[in-house]
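Chains as they are written, first to last, in this note's numbering: chain A, 6 to 155; chain B, 449 to 953; chain C, 23 to 348.
Simulated from the structure, these hints should not be mistaken for laboratory data.
Incorrect hints may appear among the rest.
The calculated SDA-like cross-link candidates involving lysine to any residue, where the alpha carbons are at most 20 Å apart (straight line), are [as the list claims (entries may be wrong)]:
(1) C:K211 - B:I787
(2) C:K245 - C:A222
(3) C:K198 - B:L902
(4) C:K107 - A:T37
(5) C:K256 - B:I787
Given next are the chains, with one letter for each unit.
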Amino acid sequence: MRMNVRDTVGGSVVILVSAFFLWFSFGYEIGTSRRMGPGYFPLVVSSLGVLIGIALIASGLRFEAPLPRVAWRPALTVSAGLIAFGLTVTSLGLLPATVLLIAISAVGNPENRLGAVLGLAVAGTVLAWLIFIVGLSVPVPSFAGVLSWI
Amino acid sequence: MDLILQGFIHAATLENLSYCLLGVTLGTFVGVLPGIGPLASISMLLPVTFYLDPTTALIMLAGVYYGAEYGGSITSILINLPGGTASAVTCLDGYPLARQGKAGVALFVTTIASFVGGSIGIIILTLLTPLVLAVGLAFGPAEYVSVMVLGLLAAASISSDSPLKGIGMVVMGLLLGFVGTDINSGVMRYTLNLSDLFDGVSIVTLAMGVFGVTEIIDSVLTPKGQMIAGKIRLSSMIPNRNEVRRSVFPTLRGTMIGCLAGPLPGVGPALASFVSYALEKRVARDPSRFGKGAVEGIASPEAANNAAVQTAFIPTLALGVPGSATMAVMMGALMIHGIAPGPNFIVKHPDIFWGLVASFWIGNVMLLVLNIPMIGVWVRLLQIPYRFLYPMIVMFMAIGAYSMNLSVFDIWLILAFGLFGYGMRLLGFPPAPLLIAFILGPMMEENFRRALLLGGGDFSIFILSPISGCLLALALALVVWFVLNGLRRRPPQEPDGEGALSSAE
Amino acid sequence: MTKVKAALAATLALAAFCTPLTMAQAQDSYPTKPIRLIIPFPPGGFNDVVARHVANGLSERLGQPVVAENRAGANGNIAGDYVAKSPPDGYVITAVNLSILAINPALYARMNFDVLKDLAPVAGTAQVNNVLVVNKNLPVNNLAELIAYAKQNPGKLTFASSGNGTSPHISGELLKQKAGIEAVHIPYKSAGAAQTDVLAGRVSMQFGNIPNLISAIESGDFKPIAVTGAERSKLLPNVPTFKEAGLDMTMSVWFGISAPAGTPKPIIDKLNREINAVLESKATANLLDPLDATAWITTPEEFGAFIVDQKNLWQPVIKASGATID
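Make a model of the complete structure from these sequences and hints.
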């Protein structure tokens, strides 16, 4: 079958998201047109979303287009970096979390060898400290938890 | 005229000028940091102004405001990370220009268009305050709803070759906007019982996710590790004659739209910038250039944004009604000094009002003087190989977002939106309509329900009000155009397998 | 192995022995590190302005920085919950107000903390009064005429507020109940947005703080009806109080400082003393006078008793109004 996978997949995403919101909107009061309840608008918009999604799938059946290529390595490393930051920023403090964030996300490009990764982590953390802690005095401890003695 | 002159004399003291310069510099610097927009910068500096003369205080805060807005445009152009909704539009053509090695041109056009838009906005502010006020007051809930319907449709059309995809993103933006406490009833919607979501998704995390993280994932593997092709020559810093010629009318059209939209509390600048973008795309001889580095696509929205920022001061000062959270903070600064903005403000404090108007212009000039020489510096930043640059951008985003609310949840949101945005980008769905709908949606719902509450549940108020009726007719025309255009749709010229690396979509 | 165990036991014993000692010391020398003052509302509002002023004054007097930190959300509940669950060591305090301590408990169906049990009162800081204004085209000039108009035109009056559970909202509900009139509540996201529609005449009236509304009152765009305080406002000497206008209704919007429950008494007393010293200063008067607010000197006990009173006062009003936040 000829189809534009981008449109069909995209249309399905729109339908899925809309269906999720539509499902929950039944739990909220719909109300009357004078006194609309909290469910009125979500119901209307998510129903519209389902229709748009269907139209997208339909329009995708008209032309053919290849699947896009996914940049797995950057997607995974940047995600891992952000997760590491989120998990450590309160328990270890801002600076250790920043070191992890930069080091892990820097691996995303295979040209960044160990030296570059470490260099970036150190330089970036110093920069972060200068701007956010020294400059803007953001109320976040540089070191926390087990590292708070530093 | 006398009063304006007096205003300049009042504003142009050495002290005021230096605070203005300080404000613009701080604002630009802070505005470049992701997550810290005008509101956060002004709030941080508010306590300083307790100890200043009221005019000086406001001049400095106005400087911060301009600087931060401009800072947001800088990051939009250089790294595709908008500082706010208004600058999300600047990303569309500014970033492709930067990738072509023309970041200098983009920044130059931004600076000049902002200056022109701002200056004309100030003239309107000076001459037409009563008229603008009348427009602002004539906009009730029904008129708001109609202008937002029009805005959403314009949003769907600003990027991507398929309006249907744009509308799909608009719908998802609207849905995301529902998350949080419903203002009318107080019911928590879509919060999944997470207290972090009680006040909804923050605009900053959404923008960082769908623009910032998405762009980074997409660009990390850029060949040769260099963001821009070739060396930066002087000729790529300054717009050539053709680019100047192409920017003139868009700048003026954008200014006009900005002046009209500015007095609408809450939505003015953002609405102005993407409606003017949509308009330019409509009137252009070759609309396909848009999104691939058209200077018109920067000049018009930037002029519109800045003109709107100026006219947005009108309701704040002349009615005592702040149009945005930022304006509310500025008004707070005045009230701390015992000055209540409102209908009597201009009569009771002409020195402050005109001093302020004069200082707006001085602030714009300073922004120009400060930033033209800085363009070279900013552009040099892009010569750093992207593989070194992107970990730093991730760092700025993560810390910037975290420092806003000290909430780890915001980091998870950025990640989730980033992956979602990346997926949608691979499928050819543009992020800008999502962001714009997310902003406009809650306001539209709020006003829609309020309009019906006030109108006793009768839908005809939307058509019977002349302003609202006209706006809806325009919206209908746009829908018809969509449908006709959709039927004529040619096979898509979307990028093939290399699409993952191409940003100009 | 046993050696390690012994060492561990010794350390633990030592630690147990030291703890009361260090705590006592901590109270004597408090504060030894920066104090965080959590502001439950976004920057720029009255709560923020007063709290930041107190933070600055305290920093000078205590010799340690008192850092103001905005944690807005859910009408102040997010910050309240956060502080309620913070360590009670005097290094996290919060700027509370009428909404958080007296309105939210009745308004919200679910609260993650108990305002009386989880937060300890430290000191009141300021009080401010609201004024009721109507659009200039509404054919009423005083409270008696307003009530008569409402009774002759049922369902016609509307009142704007800056959101569910804010002081303009509950002031309106109190007026409806005391005067026995009907008016549709139209909530907005901010005081500014509410004001626009009252100015344009789409909404009939609103309560609001006086400095925000005074310019429109002076220009004649708003007609002032009455002020909510026990006495007339210095800014509006010709406007009667509700009591003078014939309706037994007095309320003020108040602000204060609280700490997590369990914060040692000596620390609370020290903070109370220092806060009161800041409030009595000339700088405070300079700040509050133009805002039509008065500094409010209390002991922790007085402030605590006041909170209980207010909670009991507002609970029935809110329940009767039917307003609730899920």
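Consistency of the hints with the structure:
With a CA separation close to 23 Å, the supplied pair C:K211 and B:I787 exceeds the 20 Å bound. Between C:K245 and C:A222 the CA atoms are separated by roughly 13 Å; this keeps the pair inside 20 Å, and the hint holds. A hinted pair counts as satisfied when its Cα atoms are at most 20 Å apart, and C:K198 with B:L902 qualifies at roughly 18 Å. The suggested pairing of C:K107 with A:T37 is violated, with an alpha-carbon distance near 41 Å, which exceeds 20 Å.
As the CA atoms of C:K256 and B:I787 are separated by approximately 15 Å, the hinted pair is consistent with the 20 Å bound.
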